[in-house]
Each structure stands twice: as structure tokens, then as C-alpha cells.
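J.: The primary structure of each chain is shown beneath.
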Amino acid sequence: DTGVSQDPRHKITKRGQNVTFRCDPISEHNRLYWYRQTLGQGPEFLTYFQNEAQLEKSRLLSDRFSAERPKGSFSTLEIQRTEQGDSAMYLCASSPGLAGPSTDTQYFGPGTRLTVL
Amino acid sequence: AQRVTQPEKLLSVFKGAPVELKCNYSYSGSPELFWYVQYSRQRLQLLLRHISRESIKGFTADLNKGETSFHLKKPFAQEEDSAMYYCALSGRRGTDKLIFGTGTRLQVFP
Chain A
1 DTGVSQDPRH KITKRGQNVT FRCDPISEHN RLYWYRQTLG QGPEFLTYFQ NEAQLEKSRL
61 LSDRFSAERP KGSFSTLEIQ RTEQGDSAMY LCASSPGLAG PSTDTQYFGP GTRLTVL
Chain B
1 AQRVTQPEKL LSVFKGAPVE LKCNYSYSGS PELFWYVQYS RQRLQLLLRH ISRESIKGFT
61 ADLNKGETSF HLKKPFAQEE DSAMYYCALS GRRGTDKLIF GTGTRLQVFP
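The listed protein sequences derive, respectively, from chains A and B.
Those letters in the first sequence? Residues 1 to 117, by this note's numbering.
Those letters in the second sequence? Residues 1 to 110, by this note's numbering.
A hint or two may mislead.
From the structure, some residues in chain A lie toward chain B, with a derived Cβ separation under 10 Å [said to hold, decoys possible]:
#1 33
#2 42
#3 55
#4 106
#5 109
Just so you know, these hints were derived from the structure itself, not from any lab.
The C-beta atom is built at its ideal place from N, Cα and C for all residues, glycine as well.
All chains, full assembly: derive it from the sequences and hints.
T.: Below is the structure:
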């Protein structure tokens with residue numbers, strides 16, 4: 001499968017613990033996005049990378065959240081001191097980053113479902 | 001504010017009936033509009049985008065700038081169309097981040 005992959009698929013943790021998720025984008029895609037989806041809602045944008053540079057962060061991304069893409073390939077999203085409100089599906093997407101007048105198609109991973117007890 | 005509104009959480013139809021999933025948006029500029037679909041146990045995937053002006057799996061959507069709408073239509077629903085449908089917009093070329101609506105679940109009964 002050459003699509004976007006995410007690991008783990010499910011994570012259950014206790015409040016106050018730190019968790020880290022990984023996203024592997026489609027090979028040679030230089031744009032990578034993180035979204036969060038809670039029950040009954042559509043995905044909400046969290047942050048965006050162009051290669052290794054984090055170019056935009058949503059206000060949803062509190063100080064407890066940090067994302068990296070160290071070599072412009074895979075990305076990690078860490079949540080420190082988790083809270084019950086962090087329970088959600090965390091989605092990763094990648095796109096080619098082609099220059100042009102229209103928006104790139106984003107390809108989504110299967111998501112990581114986080115449950116904070 | 002940038003916003004996408006999908007007023008229906010659930011739309012139920014019988015096979016062969018026409019389908020229209022509503023989407024309205026708010027954006028000060030010229031956004032790009034998309035429909036994404038998520039079938040059961042599958043990942044979110046692009047169904048169609050307004051700039052392509054094409055029909056995918058029998059679905060079409062026309063961007064109406066006057067009404068700020070991008071409704072998804074299909075003349076004859078099939079059972080395999082049952083899925084979650086999300087309308088989304090992208091409003092800024094630099095990021096291409098997507099702003100999604102809350103989604104509409106389409107159920108097509110045999």
C-alpha cells in the first residue's frame with residue numbers, strides 16, 4: 001500500500017500522559033497536514049508542513065501539542081499532559097505540493113483514534 | 001469567517017431516487033470547493049472538485065457563487081453510495097488547508 005500511513009491506529013491513555021503519533025506520507029509528497037476530528041464534526045485543520053518547515057499552526061494547537069517533520073519525510077504529533085478533551089481521531093494528509101493555480105489534492109491516512117481516560 | 005455548512009446530518013433515500021446533499025459556504029474571496037467521501041471502514045478520499053467540472057460515480061456539483069453553494073447531486077442513487085460526505089473549501093493558495101463541513105450521512109435503501 002503506497003498511501004498515507006499512520007501509527008498507531010488506536011491509542012488509549014490516561015489523563016496526564018504524553019502520546020506521540022506518526023504519519024508517513026506518500027513518497028515524494030512535500031506537503032503534510034494534520035487534522036483532528038471529533039464525534040459528529042468534520043476534520044479540523046491543526047498544522048501544515050512544506051518539507052521540514054512548519055508553516056502554519058491552528059489556534060486549536062495549544063502549547064501541549066507539538067509537531068515535527070525532521071527530514072521532510074515522516075511527521076510526528078506529540079500531545080503532552082493529555083486531557084479528556086483531546087480524545088479524537090487524528091488525521092494526517094499529504095499532497096504533492098505542485099505549483100499551479102489550483103489546490104493540490106490531499107490524500108488522507110486512516111487516522112489514529114485517541115481515547116483519553 | 002471561513003465556514004462550510006452542511007445542514008443535513010442524515011439523508012435517507014431509496015435506490016434509484018435522486019439525491020442532493022446541500023453545502024453552503026462563507027468565504028470572502030474565491031475559494032476552491034471539494035466533496036470528500038468516506039465509505040464504511042475506509043479513509044477519507046476526494047470525490048470531486050469544482051474546478052474539474054466532471055462527474056464522478058454519477059455525482060456532479062456546481063459552484064453557485066451567488067448563493068455560495070456547492071450542492072452534490074446524483075440523479076439515481078445506488079446502495080454503494082451509502083457513505084459519509086463532507087463538503088470542504090480551500091481558500092488560500094499558500095497553505096491549501098481544507099475547511100470541512102460537519103458532514104452528511106447518506107443512506108441508500110434497497
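J.: Checking hints one by one. Is residue 33/A an interface residue toward chain B, by the C-beta closer than 10 Å rule?
T.: Interface hint status for residue 33/A: holds (7 Å vs cutoff 10 Å).
J.: Tell me if residue 42/A is really an interface residue toward chain B, meaning its C-beta lies closer than 10 Å to one of theirs.
T.: Because about 3 Å separates residue 42/A from the closest Cβ in chain B, which is inside the 10 Å limit, the hint holds.
J.: Let me know if the C-beta of residue 106/A comes in closer than 10 Å to any C-beta of chain B, holds or violated.
T.: holds (6 Å)
J.: Holds or violated: is the Cβ of residue 109/A closer than 10 Å to a Cβ in chain B?
T.: Interface hint status for residue 109/A: holds (6 Å vs cutoff 10 Å).
J.: Does the nearest C-beta of chain B fall within a distance shorter than 10 Å of the C-beta of residue 55/A?
T.: holds (7 Å)
The structure is consistent with each of the numbered hints, conforming to all of them.
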